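2 protein chains.
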Amino acid sequence: MRVRKLSLTLAAAAAVAAAGMVVAQDQEPIQPIAPPAQINLGLVELGKKLYFDPRLSKSGFISCNSCHNLSMGGTDNIPTSIGDKWQQGPINAPTVLNSSLNVAQFWDGRAADLKEQAGGPIANPGEMAFSHTLAIDMLQSIPAYQREFKQNFGKDKIDIDQVTLAIAEFEKTLVTPNSRFDQWLLGRTDALTAQELAGYKLFKESGCIACHNGPAVGGNAFHKMGVVQPYKATSAAEGRSAVTGQEIDRFTFKVPTLRNVELTYPYFHDGAANTLTEAVDVMGRLQLGKHFTPDENAKIVAFLKTLTGDQPAFQLPMLPPSSDATPRPNPFK
Amino acid sequence: MRVRKLSLTLAAAAAVAAAGMVVAQDQEPIQPIAPPAQINLGLVELGKKLYFDPRLSKSGFISCNSCHNLSMGGTDNIPTSIGDKWQQGPINAPTVLNSSLNVAQFWDGRAADLKEQAGGPIANPGEMAFSHTLAIDMLQSIPAYQREFKQNFGKDKIDIDQVTLAIAEFEKTLVTPNSRFDQWLLGRTDALTAQELAGYKLFKESGCIACHNGPAVGGNAFHKMGVVQPYKATSAAEGRSAVTGQEIDRFTFKVPTLRNVELTYPYFHDGAANTLTEAVDVMGRLQLGKHFTPDENAKIVAFLKTLTGDQPAFQLPMLPPSSDATPRPNPFK
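Just so you know, the sequences run in chain order A and B.
For the first sequence, numbering that gives the first Met the number 0 assigns the number 0 to the initial residue and increments by one for each residue that follows.
For the second sequence, numbering that gives the first Met the number 0 assigns the number 0 to the initial residue and increments by one for each residue that follows.
Since the hints were made in silico from the structure, they are not lab data.
There may be inaccurate statements among the hints.
One copy or two, either will do: identical chains are not told apart, so a pair holds if it fits within one copy or between any two.
Claimed, not checked - Simulated crosslink set (DSS-like; lysine-lysine; CA at most 25 Å straight-line):
#	residue 1	residue 2
1	Lys203	Lys114
2	Lys332	Lys231
3	Lys304	Lys48
4	Lys154	Lys200
5	Lys200	Lys289
6	Lys332	Lys154
7	Lys171	Lys114
On a predicted model such as this, the values are computed, not experimentally measured, just so you know.
Start from the sequences, fold in the hints, and give me the full structure.
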C-alpha cells in the first residue's frame with residue numbers, strides 16, 4: 000500500500016515535471032471561482048422571476064434571459080443582440096455568468112455594478128424599449144408580485160431600486176465553480192491533460208495572462224483592443240472613452256472573462272470571431288505581436304475549454320399571471 | 000370523535016347541497032388530467048433541449064419556448080406571436096400545456112399530432128424561418144447532440160423525424176394535473192368555494208360545457224366561432240376550411256382547452272380578448288345568445304381559475320455548445 004502510494008506520488012510529480020509546472024497552484028495568477036456567499040434567497044427567487052419576465056419589455060417578448068440566455072452560457076451566441084422590433088444591437092452581449100466578479104458592467108464599464116446595469120436594458124430604446132415607470136406600473140398591477148416585493152422589502156410600493164436589486168441578487172448566484180481548471184488549482188493534479196497544461200503554460204508565457212487573470216480570468220481591468228496592430232471592428236463602439244471622455248481611452252474595453260469561453264461565442268466586443276481558434280490567433284497577433292503556430296493555438300484552446308464550470312442549475316421559474324388591470328403589451332404598435 | 004366526523008360530513012353535504020351539486024363527481028362532463036404515462040425519459044431530455052434551442056431558427060434567437068413559454072402557461076401572452084425579423088404572426092399562439100390531449104394541432108387542426116406540429120414552425124418563413132435541412136445540419140455539427148441522438152435512436156444520422164419525435168415526447172410531459180377543480184373531481188369536496196361551484200353549475204347549465212368538456216375542458220372538437228352572432232376577428236385566419244376546403248368549415252376552429260386559462264391570456268384565435276371577464280361575455284353572447292350578468296360572469300371566471308394545475312417543473316436545460324463546424328446564425332442578414 001505504501002509502495003503504491005509512493006509510486007502514485009512519483010507519477011504525479013513526473014506528470015507535473017513533464018508539463019513544466021510546479022505544484023504550488025495557490026501561487027497561480029488565476030484563482031478558483033468561489034461559490035456565492037451572503038446571498039439573500041428571497042431576493043434571488045424574486046430576481047429570478049424578473050430576469051425571465053418579458054413583461055419588463057415594451058413588446059412583452061424580450062427578457063433579460065433573451066440576450067443573456069442561461070441555457071447558452073449566459074449569452075445569445077449571436078454577434079450583436081436583437082432588440083425591440085428586431086433592432087440590431089451595437090455590441091456583443093457579454094455573459095452574465097460570473098459578472099459579479101467584473102470591475103464594472105458593460106463593455107465600457109459605464110455601470111458600476113450589477114444593480115446599476117440591470118436598469119439599463121429595460122429602458123434602452125434599442126433593447127427592451129420600456130421605461131422604469133411602465134415597468135413598475137406593470138409589476139404593481141400583479142398581486143403575486145406585489146406580495147413578493149412586500150415580503151422582501153416591507154413596503155407597499157414597488158420601485159425600480161427594488162427591481163434592480165433583486166435582479167442583481169439573482170445574478171450574483173450565477174457563478175460557475177468547479178471547472179476542471181479549478182479542480183486542478185485546488186490540487187487535483189490529474190484534472191488536466193498534458194496538452195491542457197501545456198496550453199496554460201503558453202497562455203502565461205505568451206502574455207495572455209497579463210490581462211486575463213484573477214478568479215474570472217479577466218473582467219478586472221480595461222485594456223486597449225489592438226495594442227500591436229489596430230483592430231478593424233465591425234462595430235462602431237468606441238469603448239471606455241464614451242464614459243471617461245478621454246481620448247486615451249478610445250477603443251479601450253473591459254477585458255472579458257474567459258470563464259466558460261467555450262460557451263460564449265462569438266468573441267470580441269463586436270462578436271466578429273466565431274471560434275476560439277480565430278480569437279486566440281487574433282489576440283496573439285494584435286495584442287501580443289505573436290503568431291501562434293496551429294499546435295500552440297490548439298494547446299491554448301484546449302486550456303481555455305477547461306475553464307467551463309458548473310452552470311447555474313435551477314427550476315425554470317413560473318411567472319405570476321397578469322391581472323385584469325395589467326397593461327397588455329402589443330409588440331406591433 | 001364519531002360526532003365530529005358526522006358533523007363534518009353533514010357540513011360537506013350542506014355545502015354541496017347549497018351549490019346545487021350532487022357528489023357523483025365521476026359523472027361530470029370534465030375529467031381530471033392524468034399524469035403522463037408511457038414516457039421515454041431519454042427522448043424527453045433530448046426534446047427538452049431542442050424545445051429551448053434557438054439554433055433551430057434562422058436567427059438563432061427564436062425557440063419553441065419563445066412563443067410557447069413554459070414560464071407563462073405555455074404561451075407568449077401577446078395577441079399574435081413575433082416571428083423572424085419581428086414579423087407579426089397571423090394567429091394567437093395556443094398553449095402547449097396539455098396539447099397532447101388535443102384532437103389535432105394548430106387552431107385549424109392541420110397537424111394530426113404533436114410530432115407533425117413540431118416541424119411546422121421551424122420551417123415557417125414567418126416564424127422560425129429555418130428549414131429542416133439546415134436544422135439537421137446544425138444539430139449534426141454538434142458532438143453532444145450527435146451522441147444524444149445516437150443514444151436515443153441508435154443511428155449515426157440525425158433526421159427531422161427524430162427531432163420532432165423528441166420534441167413531441169417532451170411536450171407529452173407538459174400536462175398540468177392537480178388543479179383545484181381536479182381535486183374536487185377526485186373527491187376533495189372542500190377544494191372549491193361556493194362561488195366557484197356556482198360558476199361551474201352556470202358553465203354547465205348555460206351550455207359552455209357543450210364545447211368545453213373532457214379532460215382538457217376543450218381541445219377535442221372543432222366548432223364555429225360566432226354561432227348566434229358573427230365574430231368580428233382582427234385576424235384573417237379562416238379556420239378549418241383552410242384544411243378541408245369545405246365552405247361549411249369556414250371560421251371553424253379547434254375549441255381551445257380551458258385548462259390554465261388564467262395563464263393563457265389574451266383569448267380567442269386572434270388574441271383580441273384581454274381578460275377572462277371579456278372572453279366569457281363574448282362567448283356567452285356570440286356562441287350561446289346569453290348575456291351573463293356581472294355576477295354570473297364573475298362566478299364563471301372564478302370557476303375557470305380553478306382549472307390552473309401544477310405547472311411543469313424541471314431544471315432549465317443546458318444546451319450543448321456549437322462546434323467550430325456549426326454554421327453561425329446572423330439574424331440581421
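Status of each hint after checking the structure:
| no. | hint | in the structure |
| --- | --- | --- |
| 1 | Lys203 - Lys114 | neither (33 Å within a copy, 51 Å between copies) |
| 2 | Lys332 - Lys231 | between (37 Å within a copy, 20 Å between copies) |
| 3 | Lys304 - Lys48 | between (31 Å within a copy, 22 Å between copies) |
| 4 | Lys154 - Lys200 | neither (54 Å within a copy, 40 Å between copies) |
| 5 | Lys200 - Lys289 | within (15 Å within a copy, 79 Å between copies) |
| 6 | Lys332 - Lys154 | neither (34 Å within a copy, 48 Å between copies) |
| 7 | Lys171 - Lys114 | within (10 Å within a copy, 39 Å between copies) |
Comparing the model with each numbered hint stated earlier shows that hints 1, 4 and 6 do not hold.
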